[in-house]
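Protein chains in written order, with this note's numbering: chain A, 1 to 117; chain B, 118 to 228.
Heads up, a few of these hints could be off.
[Stated by the list, open to error] One-sided excerpt, in silico: chain A residues whose CB lies under 10 Å from chain B:
#1 V4
#2 Q6
#3 R9
#4 E44
#5 G59
#6 F65
#7 F74
#8 C92
#9 A93
#10 H107
#11 R113
If you are wondering where the hints come from, they were derived from the structure by calculation, not from laboratory data.
Computed from a prediction, not measured in an experiment: that's the story for all the values here.
For every residue, glycine included, the Cβ atom is placed at its ideal position computed from N, Cα and C.
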Amino acid sequence: DAGVIQSPRHEVTEMGQEVTLRCKPISGHDYLFWYRQTMMRGLELLIYFNNNVPIDDSGMPEDRFSAKMPNASFSTLKIQPSEPRDSAVYFCASSFWGRGYSNQPQHFGDGTRLSIL
Amino acid sequence: LAKTTQPISMDSYEGQEVNITCSHNNIATNDYITWYQQFPSQGPRFIIQGYKTKVTNEVASLFIPADRKSSTLSLPRVSLSDTAVYYCLVGGRSGNTPLVFGKGTRLSVIA
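So that you can see chain A by itself, here it is in the shape it has in the complex:
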């Protein structure tokens, strides 16, 4: 079975440019999470969705960051304009929250390593 797919795996761009990170969750999963990992701050939540609706975006650093989930199989995280301090690994995770035995833990993609010069 395909896991969570993120693209691109690596992105290098100059500050001021727009960056779009993409995520395809596992089919059938109804929760999608975006996390960011840095050496200084570790892994931290940015935003998460349930059934394509944003539930909590309090972790989004500032207005330069935005996330969308137009359908159940696709989500984007956009940074505009990008800054060097946005350099990090960005992870997408998805899960299914059914009832009882069908509950699933979060499955992570392999991340997008973003470098802003």
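Position chain B against the provided structure of chain A, taking the given hints into account.
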């Protein structure tokens, strides 16, 4: 969310059993204990989850004492491929709530 404390790093030889203990003194009644593993250049991977006593799967065992203020992840007969960072998390059952990661324990397995 309950704060967790775990060793920053551990070393082990191949073939040994490794036990990583996590302290979570402020764990709430509804909280579960979940462990994730992260290899370099990969996302965290779910290992095991428990509420009380002992849980075992094909990868690891999780021991939780009656007061639930700590837990121990046990990895039997580790190999070089078990070298990774191991995170202990306390909170909901992890499917529908954001995960709060600490700094984790960096396990190095030596030949």
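Hint-by-hint comparison with the structure:
1. V4: 7 Å, holds
2. Q6: With a minimum Cβ separation of about 8 Å from chain B (threshold 10 Å), the hint on Q6 of chain A holds.
3. R9: With a minimum Cβ separation of about 9 Å from chain B (threshold 10 Å), the hint on R9 of chain A holds.
4. E44: 8 Å, holds
5. G59: With Cβ-Cβ at 8 Å, under 10 Å, it holds.
6. F65: 16 Å, violated
7. F74: 18 Å, violated
8. C92: Holds, about 8 Å.
9. A93: Holds, about 7 Å.
10. H107: 7 Å, holds
11. R113: 8 Å, holds
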